[in-house]
Amino acid sequence: MSAEPSPQSPWQAATISRIEKRTPRVTSFWFQPSRPFAHLAGQHVDIRLTAPDGYQARRSYSIASAPETGGAVELAIERLDDGEVSPFFHDVAAVGDEIELRGPLGGHFIWEEGDGGPILLVGGGSGVVPLMAMVRHRTLRNTAVPVALVFSARVWDEVIFRDELIGLDDRRDGFDLVLTLTREPARRPSDYSRRVDARMMAQAVERLPKAPRLAYVCGSNAFVSAAADALIGAGVPAGMIRTERYGV
Amino acid sequence: MVTRGFFSGRRPPSDTDSRIPPGQYLEQGFPVLSAGPTPRVRTEDWSFTLKQGPKPLKKWNWAEFNALPQSKMTRDIHCVTAWTKFNTPWQGVLIDDILADAGIEPPTAYTLALSFDGYSTNVPTKDLVTGKAMVALLYEGKPIPPDHGGPARLLVPHLYFWKSAKWVNGLQFTDRDEPGFWELRGYHMYGDPWREQRYSSDP
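So the protein sequences, as listed, match chains B and D.
Adding 1 to a residue's 1-based position in the first sequence gives its number in this note's numbering.
Adding 27 to a residue's 1-based position in the second sequence gives its number in this note's numbering.
So that you can see chain D by itself, here it is in the shape it has in the complex (with noise of 0.2 angstroms):
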């Protein structure tokens, strides 16, 4: 449907355009949010559990999990409120390299991302391996401001940023999908931009 007298709009420069998904459009900065007050997570006080159901498999303070293998990625990302921000920098220890510490190969298809505030979300676990998600350390080599998820936030630049779970705390195995704190409240379950799965009523 047409709008009338809609003619201007932030039209994307064409070799840009294969970038941004359909509804979304090139923000310069970095817009902030989330359902709750910003955790400030000491690194002193942080940890990080990796855990099938409810039984831990294994667990690393800061300064164990800083010693894993650090990877860089440099990925452009996409929020459901309709903005994609470019080429955003992260350095952190991918899913695979967390998986080889603790010696286990994904034990079931579903995973829950856990958070300090409570916060959850579920990814399809095969949509966190081979190279396809990190538990991001670092945001343009410097630690990540508490806004935006620090100490230690999840990425999974493929899918809605919502997925990407900030203060992230722990990643949990689960036997089938279950829904997170968003997916439980309306949004989708999967959240693949390019098909703009944003609620979950969208196919």
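Chain B with its partners taken away, still in its complex shape (with noise of 0.2 angstroms):
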């Protein structure tokens, strides 16, 4: 007997593999697809819930892991206290449970060493997701490829990767860190203590040795708003913008 193969369901099992707090609020979870797939710096999952009544609850994720880590991809997931899957992941979630995994989706908002630069990096809390993504591929791809990171916290203790991504700025390899915490005095000599304005995107591009090719910003909404507004007040072509916003 012949059968026609079925179409795949785009959803897929994934064992979560290992659990990590990275702050206070925020929490690393790794997912082992079934199907393992290839992803590019930058990209979503899609997630899925479904309770014993069969209600369902789904939310993307951005990838935190470069594309060349494979296997478990990771998400680090801010709990927000009024939402309803963040809760689950960090109250309940355990390493072994299995979820419904759907990806890699987006085609916008990510980038491959091919694509160039030099690249300016804004994010704002948990926005610095899918730009750690494109840190540690470029990393992992060993290139000279040009990448400032502006990241905008409230504490420093609230920063995401903290120790990582300093660790990478210390290499002076074209990396470059600034650190700007909204509610507490810079520790870093190359930080800040304010919110992103036009002068502080001014003198992230002049850290890059030329105008950036591209600059990815990803943060709440009202964060992107000011973080893209300031980029296009320190002569960001509005054109060379790519945007990721999540909340009301």
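With beta-carbon atoms standing in for the labels, derived distance ranges:
| hint | chain 1 | residue 1 | chain 2 | residue 2 | range |
| --- | --- | --- | --- | --- | --- |
| 1 | D | Gly-145 | B | Arg-173 | 31 to 39 angstroms |
| 2 | B | Arg-19 | D | Gly-158 | 50 to 58 angstroms |
| 3 | B | Ala-212 | D | Glu-71 | 29 to 37 angstroms |
| 4 | B | Val-156 | D | Gly-80 | 54 to 62 angstroms |
| 5 | B | Gly-115 | D | Gly-158 | 44 to 52 angstroms |
| 6 | B | Arg-142 | D | Pro-116 | 44 to 52 angstroms |
| 7 | B | Ser-194 | D | Arg-222 | 44 to 52 angstroms |
| 8 | B | Arg-214 | D | Arg-102 | 39 to 47 angstroms |
| 9 | B | Pro-190 | D | Gly-168 | 45 to 53 angstroms |
| 10 | B | Tyr-56 | D | Arg-222 | 15 to 23 angstroms |
| 11 | D | Leu-211 | B | Ala-39 | 18 to 26 angstroms |
| 12 | D | Gly-130 | B | Pro-11 | 43 to 51 angstroms |
| 13 | B | Arg-208 | D | Thr-135 | 48 to 56 angstroms |
The set of hints was computed from the structure by calculation and includes no laboratory data.
From the three backbone atoms N, C-alpha and C, an ideal C-beta is built for every residue, glycine too.
Combine the two chains into a complex, taking the hints into account.
See the structure below:
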């Protein structure tokens, strides 16, 4: 008997293989897909939770791991107290749990080594996650493409991936990290203690050897609006700015 | 596949359940999503052009466009990022009334909506006419804020909301169904929320 191959569901089971707290509000979860896939830096996956009565909730989460890492994909999930999916991950999910996942998704907010640079990355809070995949992609490709990351967080302890980012900054290999803390004094000489503005963006552009080819901005809607306007104020053409926003 | 330990969730009230498409949740706010910075289009610089392929059929400035017959539409809207918002009140010009003012019948079966920032999205022409869609000029009785697509955005509420192009500045009739910005980047060519046509691999 022959049968047509049935179309494969875009959803697949993925097993949580590791959990690591990153900051008081952000925890990384590694998902091992049953059908491994290749992704691009900046892409996201959709996650679907199903209750016993059939009710489903789905959300999109950016991938933090580099394409080169392979295997399990890292999602860094911020706890939103009034959320319905993030509290499940923070309070209930455990290593070994199976979660439905779909992806990789997204074809705009992505960067590959071959796209060239320099690249200016601007992230607010958990908006750094897809940018982290780009930074890690750059590191693992061992490329000299200049990349500057301006990362805004409220306080030092909410700087996601802080030790890893500072370690990469210390290599002085063309990756430049600028932290700006909105509710605490700056800790490092190159850092700021205020919200992103046009002057900060102009100084970030000056850290690059030449004008950025592309700028990527990710964070809450308010953050992205302010940062994108600041970039335009610093002379970055609107057509070179890619944004990804979340929240109301 | 039932998820271990997932019981809570924001189940919609039973009287509204039938208004929420599969995989969506009810949102009270009005989230903003876009692929780039928000363009600030001044109404004195604004225009709207009907085109067939590259050929302009008719062009309106802001005053001329606002003088067209205006209609109101209050609709539920559904974003592909999974939020649904009920009862959003819009006012603007039905595509039917734009075509009537241009004195034409829809020349082709497919349309690309075009925007000031270079965005585009494809919609079958039949989904734009017979009262199904408008170029919205007001939201909640006031000018549409730039973040939400003002001065004018397309409103095609029965499709996922990326089809309702922000900062719209024209409709281009095309012979074939040509993918727009997101459709070239993995999103569905049609985008019916009730059939969950989110991504290009969805049936």
